[in-house]
Amino acid sequence: MKPVLFLLLSFPLLGAVISALVGRYLSRRAVETIACTSVASAFVLALTAFFLSGQTVHSLTLARWFAAGSFQVNLDIYYDPLAAIMALMVTFVSSLVHLYSVGYMRHENDYTRYFCFLNLFVFAMLVIVMAGNLVFLYLGWETVGLCSYALIGFWYEKPEAAHAGTKAFIVTRLGDVAFGIAIALCWTALGQLSVTGIHEGASGLGATMAGIIGFFLLLAAIGKSAQIPLAVWLPDAMAGPTPVSALIHAATMVTAGVYLLMRFFPIIRGSAFLMVVIAVIGVITVCFGAVAALVQQDIKRILAYSTISQVGYMFLALGAGDVAGSMFHLISHAFFKSLLFLGAGCIIQALHEEQNIFRMGGLRHSMPHLFWLFLAGTAALGALPVTAGFFSKDRILLAVFLQPNLFYMLLWSVSVLAAAITPLYAFRLFFVVFYGDSHADTQPTSPAPIPPWMIRVLWPLAVLSVAAGLLNLPVNWFGNEWLVHYLAAVPGAAMELHASHRIETAMQLGSAVITIIMGGIAWIYFGGRTQPEDIFPEIFQTKWRPLFQNGFYLDRFYQSWIIAPYRAMARFLWHRVDTGWVDTGLNQGARFFLNLAEMLRLWTTGRISQYVSMTFTGFALILCSLILAWWVLPI
Amino acid sequence: MNTFPLLGTIVFLPLMGAFGALACRKNDLLCRRLSLAVMLTDLILVLSLFALAPQTADIPGTWLRVEDFSWMASLGVRFTLALDGISLILILLTTGLGAIAVLVSWNEITDHVSPFHFFLLSMMTGVLGVFLAMDVFLFYLFWELQAIPMFFLIGVWGHGNRIYATVKFALFTISGSLVMLLALLGLHLLHAHQSGETTFALHRLMQTSFTQPVELIFFAAFVLAFAIKIPLIPVHTWLPDAHTEAPTAGSVILAGLLLKTGVYALLRIAVPLFPHAAQTLSPLLLVLGLTGMFYAGWIALAQEDLKRLVAYSSISHMGLIVVGLAVWNVTTLSGSILQMINHGITTSALFILIGMLDERLHTRKLSELGGLWKTIPLWSGFFLFFSLASLGLPGLNNFIGEVLILVGTFTQRPGLAAVGFLGLLWTVIYSLRMLRESLWGEAENRPDIADLTRRELTILIPLCLGVFWLGLHPGPTLNIIGTALAGLDVTPELLAHTP
Chain Z
1 MKPVLFLLLS
11 FPLLGAVISA
21 LVGRYLSRRA
31 VETIACTSVA
41 SAFVLALTAF
51 FLSGQTVHSL
61 TLARWFAAGS
71 FQVNLDIYYD
81 PLAAIMALMV
91 TFVSSLVHLY
101 SVGYMRHEND
111 YTRYFCFLNL
121 FVFAMLVIVM
131 AGNLVFLYLG
141 WETVGLCSYA
151 LIGFWYEKPE
161 AAHAGTKAFI
171 VTRLGDVAFG
181 IAIALCWTAL
191 GQLSVTGIHE
201 GASGLGATMA
211 GIIGFFLLLA
221 AIGKSAQIPL
231 AVWLPDAMAG
241 PTPVSALIHA
251 ATMVTAGVYL
261 LMRFFPIIRG
271 SAFLMVVIAV
281 IGVITVCFGA
291 VAALVQQDIK
301 RILAYSTISQ
311 VGYMFLALGA
321 GDVAGSMFHL
331 ISHAFFKSLL
341 FLGAGCIIQA
351 LHEEQNIFRM
361 GGLRHSMPHL
371 FWLFLAGTAA
381 LGALPVTAGF
391 FSKDRILLAV
401 FLQPNLFYML
411 LWSVSVLAAA
421 ITPLYAFRLF
431 FVVFYGDSHA
441 DTQPTSPAPI
451 PPWMIRVLWP
461 LAVLSVAAGL
471 LNLPVNWFGN
481 EWLVHYLAAV
491 PGAAMELHAS
501 HRIETAMQLG
511 SAVITIIMGG
521 IAWIYFGGRT
531 QPEDIFPEIF
541 QTKWRPLFQN
551 GFYLDRFYQS
561 WIIAPYRAMA
571 RFLWHRVDTG
581 WVDTGLNQGA
591 RFFLNLAEML
601 RLWTTGRISQ
611 YVSMTFTGFA
621 LILCSLILAW
631 WVLPI
Chain R
1001 MNTFPLLGTI
1011 VFLPLMGAFG
1021 ALACRKNDLL
1031 CRRLSLAVML
1041 TDLILVLSLF
1051 ALAPQTADIP
1061 GTWLRVEDFS
1071 WMASLGVRFT
1081 LALDGISLIL
1091 ILLTTGLGAI
1101 AVLVSWNEIT
1111 DHVSPFHFFL
1121 LSMMTGVLGV
1131 FLAMDVFLFY
1141 LFWELQAIPM
1151 FFLIGVWGHG
1161 NRIYATVKFA
1171 LFTISGSLVM
1181 LLALLGLHLL
1191 HAHQSGETTF
1201 ALHRLMQTSF
1211 TQPVELIFFA
1221 AFVLAFAIKI
1231 PLIPVHTWLP
1241 DAHTEAPTAG
1251 SVILAGLLLK
1261 TGVYALLRIA
1271 VPLFPHAAQT
1281 LSPLLLVLGL
1291 TGMFYAGWIA
1301 LAQEDLKRLV
1311 AYSSISHMGL
1321 IVVGLAVWNV
1331 TTLSGSILQM
1341 INHGITTSAL
1351 FILIGMLDER
1361 LHTRKLSELG
1371 GLWKTIPLWS
1381 GFFLFFSLAS
1391 LGLPGLNNFI
1401 GEVLILVGTF
1411 TQRPGLAAVG
1421 FLGLLWTVIY
1431 SLRMLRESLW
1441 GEAENRPDIA
1451 DLTRRELTIL
1461 IPLCLGVFWL
1471 GLHPGPTLNI
1481 IGTALAGLDV
1491 TPELLAHTP
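If you read the protein sequences in the order shown, they are chains Z and R. In this text, residue positions in the first sequence follow the working numbering: the first is 1, and each later residue adds one. In this text, residue positions in the second sequence follow the working numbering: the first is 1001, and each later residue adds one.
Okay, chain Z solo, but in the shape it has when bound (with noise of 0.2 Å):
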């Protein structure tokens, strides 16, 4: 299993390496092919691992990394079925958005460090998923940072994409930072860094000390998973290339957050008042991002908003204390996701980068295979019936139901909201570019041709959308639940519901009676509009919309109320505190000394006579001195 499981790591950077030292030296062919090929081998390795491994949980030390005193930290790897699943996951999307790069990324000359950061980034992905430490996780939770940074400013001559990288590092470093906190903490409080030896100790933990280290756990994965209150990054970070908003900010990086609650939800659940914050935040998260959603009108904007919700939803799971549910729709979402975004990617370039869904319209004809793929996509996201989405969010909404504390009745009417408006948005996005009439002044006749590879890699994306939903069929759907029972080794993950068949359809019921109610809605105000223009009420239009399309304003308040202050205070402390005070001061300080010098070369008159007249002084006072001296003191 070790060889197995090392070169599975060691590919992906292989190749970055490979591309970052000789990359300028090979043909595009060349790297693109390396590229590839390293990341295929990656996910051939993965399903490898995944067979040879059964159920079996694996815990080996790959090198020593450092120790000082008694803190030692190896390159350790933990794998069991859920870094099998997810590695899977990882390494069978990031192939396809691969492939799908070097369609996509064909007139885009620097191509060698476009490769190289999206390998590191498979590379770090990994490294979460099987990282046997939190140090070692910790390596690849801020490797995959430096490679969303870098990825998303890959276009760094515009600024905008050059601010919304360094804002996406920054945010999500503030969750490092807590990360940093929780190493030092269960290092303290546990004496252990191993994933095994915290899933062991922390039963040992008081309710407290798990609620403190889970709190910062908490933390930085709502920076890495872009939720409330730190979601601010995410929307920006469409200004990466679209295969790799497709791959980092939608399928695979902001969900490590979530996979990282999952690795310690041992820790996790020793509190109870944890658990009930970490489900708030994902209400909140997705209702915040459902409800921005439904009025944006750039395409991979409303993708953004849809995926922070639906990362909400992961975080609501888990909250419920369903890590199973929450890896379900992990999974079905990464699928989904990843192939509107990519399907977006088409239409972007067909219409020579128009992103605003109002200037395009009518697409099914020009793009009929895009048509049914776009629609398997949406269907999922839109929960339609017996797509994957439909019974991943169920199974999150039937474990929110199930709870016994009031509290989450609460929570689950809330997301049951949000869940109709998901298919609003969802189909809303749909029949605004797809049907309607094509605009003749905004867009070409003709959709500029793309590689023709560049929707096939969509297929399997789009097969899975609609049938990944039998990774977990429900047993009323005369399924075996193979998920809950794979994930039965992780500790803490494999929760039966328990719920009665009558709960259990009545709930499917009535899900899907909503989605498709939403998506006839969403068909009759978007169906055959030809207008420009959304169609809701006039206060909502100048009260609400501005509120919804700015994301509640939270990027407004961070600039006036975090950014500007500490760029103020930076400014205050140079002119006023370090050149003005401190510096002042010491100079001052020398200042001082210069007068007394100058006093001091008074003296130096250069008069001879003067200086006789002093000499003499001087010789008599000492002459005094040391008579007084002789007398007075007892020598």
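Note that these hints are calculated values from the structure, not bench results. C-beta: ideal position from N, C-alpha, C; glycine also. Some hints here could point you the wrong way.
Selected chain Z positions facing chain R (Cβ under 7 Å, derived; list incomplete) [to be verified]:
no., residue
1, Phe-71
2, Leu-139
3, Trp-155
4, Pro-159
5, Ala-162
6, Tyr-558
7, Arg-571
8, Trp-574
9, Asp-578
What follows is a list of derived Cβ distance ranges for each label pair [as the list claims (entries may be wrong)]:
no., chain 1, residue 1, chain 2, residue 2, range
10, R, Leu-1182, Z, Gly-618, 20 to 30 Å
11, Z, Thr-196, R, Thr-1483, 26 to 36 Å
12, R, Phe-1004, Z, Gly-191, 42 to 52 Å
13, Z, Glu-598, R, Met-1072, 31 to 41 Å
14, R, Thr-1110, Z, Phe-593, 33 to 43 Å
15, R, Trp-1071, Z, Gly-618, 33 to 43 Å
16, Z, Ala-30, R, Glu-1144, 53 to 63 Å
17, R, Phe-1468, Z, Met-569, 33 to 43 Å
18, R, Phe-1468, Z, Leu-596, 12 to 22 Å
19, R, Leu-1022, Z, Ala-30, 50 to 60 Å
Here the structure of chain Z is known, so what remains is to put chain R in place on it, guided by the hints.
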């Protein structure tokens, strides 16, 4: 026990080279080559120390090698050099950066080449001596020897406002060392009075007993001298000026070595001599270090001049190192010592890169930069790399030091350590702003400039490898440090205990 005085050779070889450099006035190239050869030979000698079997047989404690000669017998001054793991990796850094300092001046320094190298090399002797001297008087001589050449390096070969900067540097340094000299003589007399023995040997002086106020005053005097060198707030203001005006080699030596001598002296001299006072005042050092880390990191964000920005970031990093020292356990000390090396490599590299940029564009102002990734991609790649190392990206060197210091601090003072973790955010904010305004964005009507030359790559690649080596495989280095720190759990005195 004295065989061949290898340590003495290592210390004085640069000084001999310095006179050699002074001798070849006429031929600049010869002078440069000679200096480089001297520094490389010294580097090889230091490397040979790793290979040599340590003379453990008759040396107690953690010492690898001791050389002891009588010198000024009437005053009790001896010529004692001793080497342990901490000194070993620091003199390796010294000789390595010394060679690099010669290389970076190859094209930059064109006037008065031979005196430049005279000062540069004699300064190396000073630094090496500080890292090895075990006689406090000898230590003081080396301490002064490293400062005086820097005065000339900045004053003669510096940029614009160099006279102000160098006078400021000299005044700060001299005031610090004068106070230290007084305390040193006082300590010597007190010891002579107590034991009737005239000596400056560190381990003898350590046996002096004090009343608490006397010990505090002595400790404060030493710490003032060392704090100015580190520099700790509020006596740091000479550093940004000195860095901004210094030639690149000056900045490299300053950031890479001179600041480290302050920390090293605190660790080797001040704390072991006055352990009780150190314990009493450690909260003060801790708070000063932590405050400095945020204060300087914050100011760095507002800087316009790249060199000044990196200078403030240096103060910020040194603050964290002092935190590790103030907490004083095996984990934090390992972290602090490792971080001295890390900071020496990354910050020197950043100063070197900025120097290379300055040679090409004749500006270091962030407002006049931007879009450099397009113009000089190779330079930009290195700049990005070393900035990432400096902001503590895992897998690169600074991360290890930071983790060790912060986690070690957390076990004793969780609240302060948690605040310290927040410092990582301050670092990333100014670093990313620096990257954004220099590398990214549009390059507007920039003249065509050449990317890195082969000589410049020769300088940068070893530093790069050092970053990876210490980031990915710090085990051997930490072992060397750890062996030296082995006796530390028992008592800090052991750290300075020579036979």
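Results for each hint:
no., hint, verdict
1, Phe-71, "holds, 5 Å"
2, Leu-139, "holds, 4 Å"
3, Trp-155, "violated, 10 Å"
4, Pro-159, "holds, 6 Å"
5, Ala-162, "holds, 4 Å"
6, Tyr-558, "violated, 13 Å"
7, Arg-571, "holds, 5 Å"
8, Trp-574, "holds, 5 Å"
9, Asp-578, "holds, 6 Å"
10, R/Leu-1182 with Z/Gly-618: 20 to 30 Å, "holds, 26 Å"
11, Z/Thr-196 with R/Thr-1483: 26 to 36 Å, "holds, 30 Å"
12, R/Phe-1004 with Z/Gly-191: 42 to 52 Å, "holds, 47 Å"
13, Z/Glu-598 with R/Met-1072: 31 to 41 Å, "holds, 38 Å"
14, R/Thr-1110 with Z/Phe-593: 33 to 43 Å, "holds, 36 Å"
15, R/Trp-1071 with Z/Gly-618: 33 to 43 Å, "holds, 38 Å"
16, Z/Ala-30 with R/Glu-1144: 53 to 63 Å, "holds, 59 Å"
17, R/Phe-1468 with Z/Met-569: 33 to 43 Å, "holds, 36 Å"
18, R/Phe-1468 with Z/Leu-596: 12 to 22 Å, "violated, 54 Å"
19, R/Leu-1022 with Z/Ala-30: 50 to 60 Å, "holds, 54 Å"
The structure is inconsistent with the numbered hints 3, 6, 18, although it conforms to all the rest.
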